Amino acid sequence: EAEVAQSPRYKITEKSQAVAFWCDPISGHATLYWYRQILGQGPELLVQFQDESVVDDSQLPKDRFSAERLKGVDSTLKIQPAELGDSAMYLCASSPRAGTGEDTQYFGPGTRLTVL
Amino acid sequence: QKEVEQNSGPLSVPEGAIASLNCTYSDRGSQSFFWYRQYSGKSPELIMSIYSNGDKEDGRFTAQLNKASQYVSLLIRDSQPSDSATYLCAIQAGRGSTLGRLYFGRGTQLTVWP
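Same order as they appear, the protein sequences are chains X and A. Residue numbers are given in this note's numbering: position 104 of the first sequence equals residue 104, and the series is strictly consecutive. Residue numbers are given in this note's numbering: position 108 of the second sequence equals residue 108, and the series is strictly consecutive.
All clues given are correct.
Taking lysine to aspartate or glutamate and the DMTMM-like style, the derived pairs with C-alpha atoms no more than 20 Å apart in a straight line are:
(1) A/Lys2 to X/Asp57
(2) A/Lys42 to X/Asp86
(3) A/Lys67 to A/Asp27
(4) A/Lys2 to X/Glu44
(5) A/Lys2 to X/Asp56
(6) A/Lys42 to X/Glu44
(7) A/Lys42 to X/Glu3
(8) A/Lys42 to X/Asp24
(9) A/Lys67 to A/Glu5
(10) X/Lys78 to X/Asp51
(11) X/Lys78 to X/Asp57
Covered stretches of chain X, going by a simulated chain A footprint (3 or more residues, C-beta under 8 Å):
(12) 42–51
(13) 103–113
No lab work stands behind these hints, which were simulated from the structure alone. A quick note: this is a predicted structure, and the numbers were derived from the prediction, not measured. Virtual Cβ for every residue (Gly too), placed ideally from N, Cα, C.
My request is simple: use the sequences and hints to build the entire structure.
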């Protein structure tokens with residue numbers, strides 16, 4: 001069964017350092033999402049891509065976060081500099097194509113970030 | 001901001017019982033509704049999706065949707081200890097919208113004891 005891949009699974013870093021997360025969506029899925037989940041809360045969207053284009057980054061803290069999906073396949077989310085409050089689970093999800101009705105989202109295993 | 005509220009937990013039921021999980025939402029334009037299961041330290045796993053008013057059954061799981069009341073629920077029949085997890089309710093603003101973001105509740109933690 002096809003799955004969303006993410007790496008690393010765990011990341012520990014010190015504040016002010018840069019971190020990067022990678023996501024490879026299910027093959028053929030045009031829409032890719034990055035969510036952040038703080039312990040005890042539900043996931044919240046950071047950014048949505050449709051193919052290589054950003055569709056929604058309204059909740060992305062653009063002063064320190066950046067995301068790209070250059071070839072419309074895999075994606076990288078970067079934080080620079082990391083802050084203590086960034087400690088969370090970073091989840092990548094993909095769906096066949098938002099806007100067509102075939103947009104059920106499937107999540108990868110996530111990256112657990114701890115900022116010291 | 002689209003609000004999604006779930007009944008406060010934790011919810012504890014004996015093995016074999018029916019677990020009932022509830023969710024209300026604020027946006028009347030919401031079209032798609034999902035239930036995800038999340039084990040501790042793991043990522044959300046899709047359990048059910050529902051788009052139309054009424055009931056939708058899949059094995060031991062039944063999702064119920066009432067758009068007029070802005071209410072969606074999940075029933076788990078014959079609960080098993082392996083069902084112990086946090087259940088996340090999620091809504092999507094508009095089916096067919098290119099803005100496909102999900103809005104999640106905080107989750108309800110379910111414990112099924114033997």
